[in-house]
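> Using the hints, position chains A, E and D against chain W.
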Amino acid sequence: MNFSYSEEQQMLAETVMRWLAAETVVQRGFSPERWGELAELGLLGLNVDEDHGGLGATPVETLIVMQEFGRALFGQPFVSTAVVGAALLGNIGSAAQRDDMLPRIVNGSLRVALATLEPGARFDLADISTTAVRQGQSYVLNGRKAVVLHGDSAHVLIVCARTSGGQRDQDGLTLFLVDATAAGVTVRGSPTLDGQRAAEISLADVQVPLDSVLGEIGSGYVPLEWAVDRGIAALCAEAVGAMEKLMELTAEHLRTRKQFGQPIGRFQALQHRLADMQIAVEQARSMALQAAALIEHPQRNERRKALSAAKAMIGRSGHFVGQQAVQLHGGMGMTAELAVGNYFKRLTCIDMTWGNTDHHVELYGDLL
Amino acid sequence: MNFSYSEEQQMLAETVMRWLAAETVVQRGFSPERWGELAELGLLGLNVDEDHGGLGATPVETLIVMQEFGRALFGQPFVSTAVVGAALLGNIGSAAQRDDMLPRIVNGSLRVALATLEPGARFDLADISTTAVRQGQSYVLNGRKAVVLHGDSAHVLIVCARTSGGQRDQDGLTLFLVDATAAGVTVRGSPTLDGQRAAEISLADVQVPLDSVLGEIGSGYVPLEWAVDRGIAALCAEAVGAMEKLMELTAEHLRTRKQFGQPIGRFQALQHRLADMQIAVEQARSMALQAAALIEHPQRNERRKALSAAKAMIGRSGHFVGQQAVQLHGGMGMTAELAVGNYFKRLTCIDMTWGNTDHHVELYGDLL
Amino acid sequence: MDLRESPETQTFRAEVAGFVAARLPPDIRAKVLGFLRIERQDYVRWQRILNERGWGAPSWPREQGGTGWNARQRSLFEEECFVAGAPRQMPFGLSMVGPVLQAFGSEHQQKRFLPRILTMEDWWCQGYSEPGAGSDLASLTTRAERQDDVYIVNGQKTWTSFAHWANWIFCLVRTRASGKPQEGISFLLIDMTSPGVRVKPIRTLDEGADVNEVFLDDVAVPMANLVGEENRGWTIAKFLLGHERTTIAGIGTCKRLLVRLKELARSEPKRGRPLIEDPRFRDRIVKVEIDVRAHEWSLMRASSLEQAGKSIGAEASILKIRGSEIQQELSQLLMECAGPYAIPHLPEALNAEFAGETADGHGLNALAAQYLDLRKVSIYGGTNEVQKNLIARALLGSQP
Amino acid sequence: MDLRESPETQTFRAEVAGFVAARLPPDIRAKVLGFLRIERQDYVRWQRILNERGWGAPSWPREQGGTGWNARQRSLFEEECFVAGAPRQMPFGLSMVGPVLQAFGSEHQQKRFLPRILTMEDWWCQGYSEPGAGSDLASLTTRAERQDDVYIVNGQKTWTSFAHWANWIFCLVRTRASGKPQEGISFLLIDMTSPGVRVKPIRTLDEGADVNEVFLDDVAVPMANLVGEENRGWTIAKFLLGHERTTIAGIGTCKRLLVRLKELARSEPKRGRPLIEDPRFRDRIVKVEIDVRAHEWSLMRASSLEQAGKSIGAEASILKIRGSEIQQELSQLLMECAGPYAIPHLPEALNAEFAGETADGHGLNALAAQYLDLRKVSIYGGTNEVQKNLIARALLGSQP
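Protein chains in written order, with this note's numbering: chain W, 1 to 368; chain A, 369 to 736; chain E, 737 to 1136; chain D, 1137 to 1536.
Note that these hints are calculated values from the structure, not bench results. Owing to the predicted nature of the structure, the values given are computational and were not obtained by experimental measurement. Built from N, CA and C at the ideal position, the CB exists for glycine as well. There's no promise every hint is true.
As the list claims (entries may be wrong) - If we take Cβ atoms under 7 Å as the criterion, some of the chain E residues that face chain W in the derived model are:
no., residue
1, Lys1006
2, Arg1016
3, Ile1115
In isolation and in its complexed conformation, chain W is listed as follows (with noise of 0.2 Å):
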């Protein structure tokens, strides 16, 4: 084991860096141009294999690149494409689908985003009232998906929905790949706290062709899970670049912030609470790094623990340290104006994506 980038990791780390300090103004919701950009820098060939003209990297690359959009609070929908997006469809997707739409991802002209949650369903990946009921050649889905991140930029959902059993049941679950235009599909988008988008999407009698299945009918579960994990994995490495950038800039303003005629930094509860926050990002990195290293565990247990711990750590510190950060800036964390704030944000909004910590100390349990 080496936890020291290689040349190339480097090289990759200061090309992101370089890119995103080119940028001038923190983009809301989508931007074409930025997407671009992601494409002629090869990014989005990450998680793509070389086949279809992506990059083949290991979780490693997707670690690196996560960090440092966390460090610039990078809002694209970089995770729902071209980590969760391309995996999944690289690892069940049929030779057709994958010739089809891999190379499109890599290009930037194709955009996926996953609608599994649903209304009431909470975190729960298997809490699916959906339906897909098959009609000659082809499948009838109906029902209504939550918080689909990313969903009103995406040119085709990835729907989970139910072709048996009962609900909650992790049977009888099926992946749909569905056009975001198709009639019956009603996207409503709708701004984040962190200035990202996501969308509530109602499916009424929407027809897919049975060409749209991806994987197998009724074993969505699965790989869905493993998909989620992979997303889980590089959130978790963009909570660790928004807290390392949060800590940088915290340890700025206890060193030039005067107040009682000193640097507010001499004040000894307050180095304590900093070397608390810089403990709990330490904590959150090395549980990153395991994200990362476990993500392809060929044993499911091991990954879930794995990925369930990070996540569970990540947002306990993510809370802690944007907590605190704003807590040190005094009144002007409060404010708008200021970074900090944003980065709070941005970690809170992880927190509350696929499972905060409550749920995955939970999931956790129920392996241990």
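Below, chains A, E and D without anything else, positioned relative to chain W:
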């Protein structure tokens, strides 16, 4: 509502304080001398009505006395006999039982202990395997009782046994007054972590007469729970006294101990730790008062919530204050030489008596 | 010591609850309980309803139009109002400049200003904080120079809540540059409509703009608007810091958030059952409810001290710390109730007149914003770090 | 960066586990896993078994009889030994005086002492702390005065672990009174059988007596026992502080306690089901297991830095803090496993030869004592407060 001591209450507190201050060596285990003095001071009659020679005082007087006991690490079986035992007898004892036993509790010649919990039952008052079977004019008891506080200095054991119902049913439990020297009773005493005493008791075909039934057949749970709640209220007050004393010792240490050329109390991180401890103690004090206020509440749920809330909080603050007092005393805090460790031990045992924080959080949750 | 709640207290509580239930306008109540934005006119309307009933100024003496209630009654009143969904009574007139005028103001000042506080004809704001002087009040730099019969005031105030709605501001200003920093400060009342007063909103984390910067450029303030003596403003500032310290506990907000949390945890589902039945979420509710219980009793103890005429020092700091921590914990739990719906956020939906649809379609939209917004309570009113310094000083003495 | 565990590592781990399973004497294993007292001879026996296998000194270079392992291998070795129930290898010779002699000792000193460390023919203890100089080492007052060819040493050391079993002590002593406090310190090896050495046990919270006071009254120490140069002992002290810093993480203890906790939570009942199925207790186990995972990876990262020849500063402080906090949390959970049986406590039952019966009849008697005893880990080796100072300094610079 009024939180200042009345003149009588002030006198009571001072009497107890002066008496305890006269004690030069901390007693380990039961001390007949101390017990005699308790009787002389009238304290054993605090929870006995005036008709039976007691003071018939309110729960506030018990709180006042217990706080002083906590400050002095007084470890005699006061709670078992003069709080829980006296209250239970006074509440559900027959006229004959009260006339016989209460005056002897007051004059110091009778000690009782509550033999309820069983091995493997943790803190569950209803998880009772001990059986009592009617045979003619007597009951025959069989079973084991765990961690009977001060069980080896008690003359009479209040034994909770099952006369009907299944294990862990609240219905079907009956309380018996059992002579500790009766045939078939084996009392195996042991020291406790905090220098007090507890006993493992086994009952093998113990015959008791019908008039040894305390309260109604099959309805022992409700009064038992009520009596334990009185014990909990007393322990909460004792814990507050112990924490108060730890605060004084720790503040004094911070004022006088020098390191790096100055009193360590000048270090802001330690100041804030001390402040955190003080906050915890004040929350605990509020809860001890609430416990005393609501212990006689006519609605069971209101009483139970207040008592479980108090015990849960006092468990948590006891650990925190004890741990931090040791930490702030540094290596010296780890030695048996200083009193700090003894207070820490007592607070640890209080948490583990009649349900720790987890247990009472659970009980509270059932009533939420 | 007598720990029984008196029958009078129970009657009082019922009387307040009955009044609020009957007279609180439903539209205001809906905004408050839904964490929506409350408008200037909502505050004024409710204040006037209370004032008609004689409850406009819970902490003032009867002869000034107040209630004459003791500290315990005031907490109960606050609690009942908050839990029922009433907006808070703005403290800047009632609890700050009002008591200052009663203690230090001229008869003329009292007559002119106090009645208009009760009716909210004047909306006051507080000009204390300055950029660069957060918790360190004595280092303020806004200066007032005497010119004939007016002060000419120059400087900048910040974190001024509701300055955009206010027509009056009370300011600490420096009237003498020499000597100890505390000694050259004066307490001035400034008409916000005076030329040279400019208000600039500060956009906060939750997209709100309740706080402002206030710029004072050559603002002419009549000498008659000086409260107390020139250069003795520090005394007034200290008086205010020691005044009504139990309100700092925020018990009303704690109780309201707790009630709302339990409602929401009963209505939000998890695996087809109410979220409150999830053992780990229930435990977190239990723990914070226990914290609220302890906090409430700590407040009663402090109120009892205040009632007995004793000053509370470290006790008030503890109330501030616990109150803010509890509010923050509650707001996090409320946000977590929303599950994935904590993420979408339409700031415009915080306005009651918003006609569109939020992502979840019901009241979860405001919860994450509320979580962010409540981070402020451990910062303002003396940061929790400053409060801990005070608690430690009480335990160790000032020079340990 | 390559996060895959190499096959060599897996082989290594299996090899260690196999050896320990085969060679660790069952009686020792039973004591360790039962939290019973371990005797001097137990430590020596196990050290000799390891040494025979060539594993007596995991951190020493091969040419000195060590293993030449890298930091990662050393952690794995520690972990496997600890989880399997081996006693720890005493650090005073292996990790303290040994490396000091290798770096600063004369050839004579090396030849004389190093082999006897491997076989534990000598039992070393550490004479650093003094009464009144806890974390502030530079203020030590034990003095050594040259008289002909010996030093005459006078003073008192404290918190000396296992001094009652040791025949040698290495001491920091003051050899010059003037100048900066750090500059007049020397590093001396003292034979504990010398006249004037007196050991007095310190009874600790858990009724144990592993630590001692060591009194030095006119103890004559040959000049040959000075290590390095006179008055340059501070350099050695700093060398030791920066040496093998990853062992401070206590990963072996963390893992062992976690394994034991899960075993116990599976065997102790609650309402007729294993305690581990209680959702709130299970959650607490999960949280601490997650903490252990993060701690383990932090250790691997630090080991990787050490392996690359980089010095670790704040990283080591973080390892110390997390390691001690995790051990303390685990010990509290273990105690809570015992339920009411945490209360009775027979100290004499901590001796393996105890023939009586404990209250519960099986292994719960030691748990509360263990909880108390582990409070020390956040105090010794530089208190956690001192570690936080160091972390903050790394972030803010020494003069923020």
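> Give a verdict on every hint.
Status of the hints after comparison with the structure:
no.: 1; hint: Lys1006; verdict: holds, 5 Å
no.: 2; hint: Arg1016; verdict: holds, 5 Å
no.: 3; hint: Ile1115; verdict: holds, 6 Å
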